[in-house]
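Peer 1: As a plain string of letters, each chain reads:
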Amino acid sequence: MYNFDVVKPTRIADAVKELSDSTESQPLGGGQTLIPTLKQRLASPDKLVSLSAIDEMQGVCKGDDGSICIGGATNHATVAAEAGDYPALAATAAHIGDPAVRNRGTIGGSLANNDPSACYPAAALASGATIKTNTREIAADDYFQGMFATALDEGEIITEVRFPVPERANYQKFLQPASRFALVGVFVAKYADGVRVAITGASNDGVFRWTEAEAALSSNFSAAALDGLSLPDGDMISDLHGTGEYRAHLCAVMTKRAVAAAA
Amino acid sequence: MPKDGGIGASSKRREDVRFLTGAGNYTDDINIRGQAYVHFLRSDIAHGTIKSIDTGAAAAMPGVVRIFTGSDFEGVGGMPCGWQVTDKHGQPMQEPAHPILAQGKVRHVGEPVAAVVADTLEQARDAAEAIALDIDELPAVVDMKAALADGSTKVHDDLNDNLCYDWGFVEENKDAVNKAFENAAHVTSLELVNNRLVANPMEPRVALGDYARGTDDSTLYTTSQNPHVIRLLMGAFVLGIPEHKLRVVAPDVGGGFGTKIFHYQEEAFCTFAAKACNRPVKWTSSRSEAFISDAHGRDHVTKIELALDADNNFTALRTETHANMGAYLSTFAPSIPTWLHGTLMAGNYKTPLIYVNVKAVFTNTVPVDAYRGAGRPEATFQLERVVDKAARELGVDPIALRRQNFITEFPYATPVAVEYDTGDYHGTMDKLEEMGDFAGFAARRAESEKNGKLRGLGVNCYIEACGIAPSNLVGQLGARAGLYESATVRVNATGGLVVMTGSHSHGQGHETSFAQVVAEMIGIDENMVEIVHGDTANTPMGMGTYGSRSIAVGGSAMVRATEKIINKAKKIASHLLEASEADIELKDGAFSVAGTDKSVAWGDVTLAAYVPHNYPLEDIEPGLEETAFYDPANFTYPSGAYACEVEVDPDTGKVTIERFAAADDFGNIINPMIVTGQVHGGIAQGIGQALLENCAYDENGQLLSASYMDYAMPRADDLPMFDVDHSSQTPCTHNPLGVKGCGEAGAIGSPPAVVNAVVDALQSAGKDVMHVDMPLSPDRVWAAMQ
Ligand SMILES: Cc1cc2nc3c(=O)[nH]c(=O)nc-3n(C[C@H](O)[C@H](O)[C@H](O)COP(=O)(O)OP(=O)(O)OC[C@H]3O[C@@H](n4cnc5c(N)ncnc54)[C@H](O)[C@@H]3O)c2cc1C
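Read top to bottom, the protein sequences are chains A and B.
Using the numbering used here, you'd call the opening residue of the first sequence number 1 and step up by one each time.
Using the numbering used here, you'd call the opening residue of the second sequence number 1 and step up by one each time.
Simulated from the structure, these hints should not be mistaken for laboratory data.
All clues stand as given, with none of them false.
Derived pair list, reagent style DSBU-like, types lysine-lysine, alpha-carbon separation capped at 35 Å:
1. B:275 to A:39
2. B:174 to B:154
3. B:654 to A:39
From chain A, some residues computed to sit far from chain B (all C-beta separations above 12 Å):
4. 9
5. 136
6. 165
7. 193
8. 234
9. 261
10. 263
Positions of the beta carbon are idealized from the N, C-alpha and C atoms, including for glycine.
Turn these sequences into a full structure, and let the hints guide you.
Peer 2: In structure tokens form, the structure reads like this:
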């Protein structure tokens, strides 16, 4: 690690100010991604602004419209335990990493990082979630912009994420054997006005919606509705753990399984 | 009734008290006043010419003590290789120089190029970033067959080519073997890869050099499986320090699995730098460094052919293996694909004619050396895969085909130079059939199919050579070391004993099981026996722990030394009891005169030895301390039969292991619980190799699986409950305990069982799949099914 300062504000406004004081500063969520990066000397912020002492960014609650609101600094274990009104979301959180990761890693950190194999991006995109920051509200459809790329501006903090609760939903995660991130993860959510399918782990462009599957499932929410549908493998990630062809195949398999499990 | 102490008792591991409560003393726990830290600048290029290294700016950075580069080590010995293999033409292998820090060229990603010694580790790292290193990149040699092609780039410019050796074994048998193939009724052939692995002991390597200016003594604290070997190699061949001026300490070591046998540059560096800087110098490997600097394991590519007659008897076996050496020869690298692999190719079978060809190849990758099993897993894997394939091609039961070809008479001289002393291969197979409930397999398969899964059953046998090794024999085979073991037994005045063993324990539980043996021999409580190991200053010269040799060789030395103690103690007892020495019996910790009720306690005899007031001083010396060196007459030959049942998800290719049974014959058993634990660990690693672990390089020599994000270690939930049995026991005939060794069996015996099972599962779905290369990751299994 290189040297840096750490501050631990207790209010969002103070955190924003700390971040704007220096262009080399960076928010610190649970540190599960950022700290290993620092240890490898791949980043050199001069100041880390820890978000963990900001009460307004903690916890799970229910919004007036029935949606689940999760504070941006809420860790995965808390979501797993307290988002019971959205069982598929709680289950997704419950299977991120290991207990140590779940007790530190946060939803804000995960969505800000937007790892192409992470789980929350699929949940947020499939749920049509709203990502609330210190300055604005961003629809999930506008938020994810490719591998590790998001709509966030420099110094912008995710303060809350709001998930409309679907009628049925399920997340199927096929584990990458080493990291146990998603080799392919599919989140299917059925709302009154249609079905959304978001896939993580597979594409070179990061999390994406499988619109053909959504259309098929919106008229017939059953695994059979997906028969014959497949994704092109051209844009799929091809690496040590699977070719693009294999990932494209897994997308179809996992989508069917998610529908079957949600139905 | 299970015993509650001594040989055969499942005594709890006494060392676990400190290991499990954070009270261990590992190398990194040792800190010496004034200690400086070294950070190695390692090449991130696989192959290149060093044009310049400018350390000027770095040397001026805060805290920097001194920066070393290759030029500081001109005239200092390079890393020695401990085994010289002779090729099939009678010529010695090609042996490149192996510098402590790169000289002129870098040859693998991770090779140390410069070393920064500073007051703190962070300062050393900061300064390392300020070193201007200019490397002219050369094409990387990665693929072994391409490395041997005409015109390939050479890893070492001063060698003829990238071939370390071309070994034929037994060369004189070659024509007869070829002839047998011409006459065969059936030939089964198979090409396969034994995947490259990273050992990944829980504790990364650490080295701490210390130098006493007043006495000119050097001490190295290091994470080693064999401190005496390091002292000899480093002292005599690298740094020129005589043994009496060099102490090597390997305190608690958190797992080795082979990769901590070898002498590494970092050890020599820290010892050298401690003197050069007149400060203790410490290096602690990061996990990332371990991936690119610990010697890797396996990495064989093999073509194996099995010839059978019309009655399905094996008539001949022929193999051609390419074995990756990496960029340099690690300490024992040349011996692994040859003498620890070729000699095992008979397996459990009476195949009369065998020819093994091994081409060892230099590539721009991390050096490859022994990893749990070392050569024997590679032999077992190819043999048990080809036998399985033969059974499938011939449409015969794979167990019956094996049984038909089993060796049944012992001793048995194989056509590959070794003689098995004992074994009962039908016995372990009988046991396995019982444990595996093969009769119930069809029903279990039907049940799996109902759930949309394919189920497969894989069985295999193994034989291994442990208790390494008769020194005169290995000397003829090219070893530059003896392979005896030593023990000093020191009895204290009040009757307690300290055994100083040349073996080293780094997870095996020697402190418990060795004490059980001595306690049993004398008839005293185990807690009266302390086992000391790991420090050249207080243990006799010994060769350390690897090759499942500790109980068979080190234990034998300890038995011999204890026998000497008992003999002397009997003399003392006969004096105290005023009886003839021939009439003295030792039982339950007391000496008695046969046929009388006269006796004297162990403690009275030991006290007399050190307070010799009433003592036969004219006949024997006071004191009770004896040393023995034991050189084994032969290897030991543990064997067994393993069965694995898998489910394959046909939609994803994911394999799950549903059942795993292991029936082993380790000869006599000292501590069944520890043996079971060793087998469990071995199977976990074997399944890791079979399903998960894959050390992969890209064509530029960059390590693709360089962290746990991409290198998949087996986790508890990847494994089923193991059903382990070692009740089949044919004791070794040539060591005093009748023991064979159990440390590697699990890792040797399990990979073929897993692959055989997966092939069986795929075949059950009508897939024409005869082989899938390890690791059988979901994508590979799925691809094989398409
Ligand atoms: C062993 C291991 C296994 C894992 N397995 C999985 C898995 O299976 N699935 C999965 O999805 N993830 C997995 N993760 C990642 C884990 O979920 C991380 O917690 C997450 O990606 C980052 O969250 P964090 O709170 O730790 O963020 P940090 O590491 O603190 O920060 C990550 C990035 O986000 C920024 N940031 C943090 N919080 C905010 C915020 N509120 N607003 C704006 N920017 C912010 C930081 O500046 C930094 O750039 C794993 C991690 C580990 C170490």
